[in-house]
Amino acid sequence: PRYSLMDLLSRKWYSKTKAFIKSKIKGRLMREIKRGLWRPFMFHERLKKLLLVLRWAKFLAPLVGTCNKLRGHVLDAIKKRRQHIASKRAHKRWNELLDRLSK
Numbered sequence: 038p039r040y041s042l043m044d045l046l047s048r049k050w051y052s053k054t055k056a057f058i059k060s061k062i063k064g065r066l067m068r069e070i071k072r073g074l075w076r077p078f079m080f081h082e083r084l085k086k087l088l089l090v091l092r093w094a095k096f097l098a099p100l101v102g103t104c105n106k107l108r109g110h111v112l113d114a115i116k117k118r119r120q121h122i123a124s125k126r127a128h129k130r131w132n133e134l135l136d137r138l139s140k
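In short: position in the sequence shown from 1, add 37, done, that's the numbering used here.
Hints are computed from structural coordinates only; laboratory data are not their basis.
Keep in mind that a hint or two might mislead.
[Stated by the list, open to error] Label pairs and their calculated CB-CB ranges:
no., residue 1, residue 2, range
1, M67, L107, 37 to 45 Å
2, L88, A114, 33 to 41 Å
3, F96, M43, 17 to 25 Å
4, K53, L88, 23 to 31 Å
5, I62, K125, 54 to 62 Å
6, N105, I58, 14 to 22 Å
7, L45, L100, 17 to 25 Å
8, K106, L42, 17 to 25 Å
[Claimed, not checked] No more than 25 Å apart at the CA atoms, straight line, and that leaves these computed lysine-lysine pairs for DSS-like:
no., residue 1, residue 2
9, K85, K59
10, K129, K117
11, K95, K53
12, K85, K63
13, K71, K59
14, K116, K85
15, K85, K61
16, K71, K86
17, K95, K63
18, K140, K125
19, K55, K85
20, K53, K71
21, K53, K86
22, K140, K129
23, K61, K95
24, K49, K59
25, K61, K49
26, K116, K106
27, K61, K86
28, K49, K63
29, K117, K106
30, K106, K49
31, K49, K95
32, K59, K95
33, K95, K85
34, K55, K106
35, K86, K63
36, K63, K53
37, K95, K129
38, K71, K49
39, K71, K61
40, K55, K95
Keep in mind it's a predicted model, so treat the numbers as computed, not measured.
Note that CB positions come from ideal geometry on N, CA and C, so glycine has one too.
Generate the whole structure from the sequences, applying the supplied hints.
And the structure:
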């Protein structure tokens, strides 16, 4: 299968982002818990921000999936349209050939 440049870039970006997030989470989790013990109000604010980001991620993830699905359907429709046009041209040429031969 052929992949567009956007497909390849998004896959590479996703894998790099996933690895980056994993490494950051491991290091920061213990640090944030320690900070939470020493500065509970700041910890509460950071926790609210984190929950807000997670809420947005839960909202946007299905939208991104739907957009990817729509993109696939559009590409499929374009491909079918091209095939239909090529089929019409071939059928027209075939009929012209049969007309010439029958004369």
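Are K49 and K95 close enough, with their CA atoms no more than 25 Å apart?
Given pair K49, K95 holds - Cα atoms ~22 Å apart, limit 25 Å.
What's the verdict on K61 and K49, does the C-alpha distance respect the 25 Å limit or exceed it?
holds, 18 Å
Proposed proximity, K61 with K85 (alpha carbon, max 25 Å)
holds, 19 Å
Can the suggested window of 17 to 25 Å be confirmed for the beta-carbon pair K106 and L42?
holds, 20 Å
Going straight from one Cα to the other, do K53 and K86 come out at no more than 25 Å?
With a Cα-Cα distance of about 24 Å, the restraint between K53 and K86 holds, given a limit of 25 Å.
Hey, K85 versus K63, does the alpha-carbon distance stay inside 25 Å?
holds, 20 Å
Check the hint pairing K71 with K49 against an upper bound of 25 Å on the C-alpha distance.
violated, 34 Å
Do the alpha carbons of K95 and K129 lie within 25 Å of each other, as the hint requires?
Judged against 25 Å, a Cα distance of about 52 Å means the pair is violated.
Holds or violated: 14 to 22 Å for the Cβ distance of N105 and I58?
holds, 20 Å
Restraint status (C-alpha distance of K55 to K85 at most 25 Å):
Within the cut-off at roughly 23 Å; holds.
CA of K61 to CA of K95, is that 25 Å or under?
Distance ~20 Å between K61 and K95 Cα, so the pair holds.
Tell me if the straight-line CA distance from K117 to K106 falls inside 25 Å.
holds, 17 Å
In this structure, the earlier hints numbered 14, 20, 37 and 38 are contradicted, and the remaining ones agree with it.
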